[in-house]
Amino acid sequence: MNKKEDIIDYATTLFMEQGYLATSTRQIAKGLGITQPAIYHHFQNKEDIYIQVLQKFTKKIGDNLYNFLNSSDSPEIILVNMSEFLIQNHSMNFSLMMKDVNEELPPEVSHKIFILWQENYFLPFYQFFDKLKHEMTEEINLDNVPLHFLRVLAAYTDNNINHNNQLPIKEMIHIFFFGIMKK
Numbered sequence: 310m311n312k313k314e315d316i317i318d319y320a321t322t323l324f325m326e327q328g329y330l331a332t333s334t335r336q337i338a339k340g341l342g343i344t345q346p347a348i349y350h351h352f353q354n355k356e357d358i359y360i361q362v363l364q365k366f367t368k369k370i371g372d373n374l375y376n377f378l379n380s381s382d383s384p385e386i387i388l389v390n391m392s393e394f395l396i397q398n399h400s401m402n403f404s405l406m407m408k409d410v411n412e413e414l415p416p417e418v419s420h421k422i423f424i425l426w427q428e429n430y431f432l433p434f435y436q437f438f439d440k441l442k443h444e445m446t447e448e449i450n451l452d453n454v455p456l457h458f459l460r461v462l463a464a465y466t467d468n469n470i471n472h473n474n475q476l477p478i479k480e481m482i483h484i485f486f487f488g489i490m491k492k
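Whatever position you read off the sequence shown (first residue = 1), add 309 for this note's numbering.
Simulated from the structure, these hints should not be mistaken for laboratory data. As the structure is a computational prediction, the values presented were derived from the model and not from experiment. Worth double-checking, as some hints may not be accurate.
Computed list of lysine-lysine pairs in DSS-like fashion (alpha-carbon distance at most 27 Å, straight line) [stated by the list, open to error]:
(1) K312 to K421
(2) K440 to K369
(3) K365 to K355
(4) K355 to K369
(5) K440 to K408
(6) K440 to K479
(7) K312 to K368
(8) K369 to K312
(9) K368 to K421
Modelling step: build the complete structure from the supplied sequences, incorporating the hints.
As structure tokens, this is what we get:
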């Protein structure tokens, strides 16, 4: 591994645990046993590190979600697999990241991060539900379905929530697909 990758990997841990605001380049340098100028040899500033951390992190997520999306499993199994993958691999404090994006970063950086989220989180779920649009009731707006599903799923990825009282993900997805009413 090269120094730039070492910086990205270590910064990922700090950003995921502490958020953007609480993480400093001094902390990153100290944790790696390097100087701050060594960091700036590879990155323009802390924002640049954060964007590259999120690019690497979200690309890994997106690649895996697309792999599940393209499987030959039933739609319900595909959605369970996509959801379980996010739950198990989304080590980021999502609410802290959104606070950082909305309050701490300049608009151009926030926009770059929004694009990363859209390409690697939203679009795989949108494409999943788009394949099922002919089976949905006419009152449903397809654009709202993946957004709502991701909002529900966010409760399963939030480290600040006690997960002991949550429905198993398979049951939540079954309710999401089929509702609670008898046909």
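So, going through the hints one by one against the coordinates:
{"no.": "1", "hint": "K312 to K421", "result": "holds, 24 Å"}
{"no.": "2", "hint": "K440 to K369", "result": "holds, 23 Å"}
{"no.": "3", "hint": "K365 to K355", "result": "holds, 15 Å"}
{"no.": "4", "hint": "K355 to K369", "result": "holds, 21 Å"}
{"no.": "5", "hint": "K440 to K408", "result": "violated, 32 Å"}
{"no.": "6", "hint": "K440 to K479", "result": "holds, 20 Å"}
{"no.": "7", "hint": "K312 to K368", "result": "holds, 20 Å"}
{"no.": "8", "hint": "K369 to K312", "result": "holds, 20 Å"}
{"no.": "9", "hint": "K368 to K421", "result": "holds, 13 Å"}
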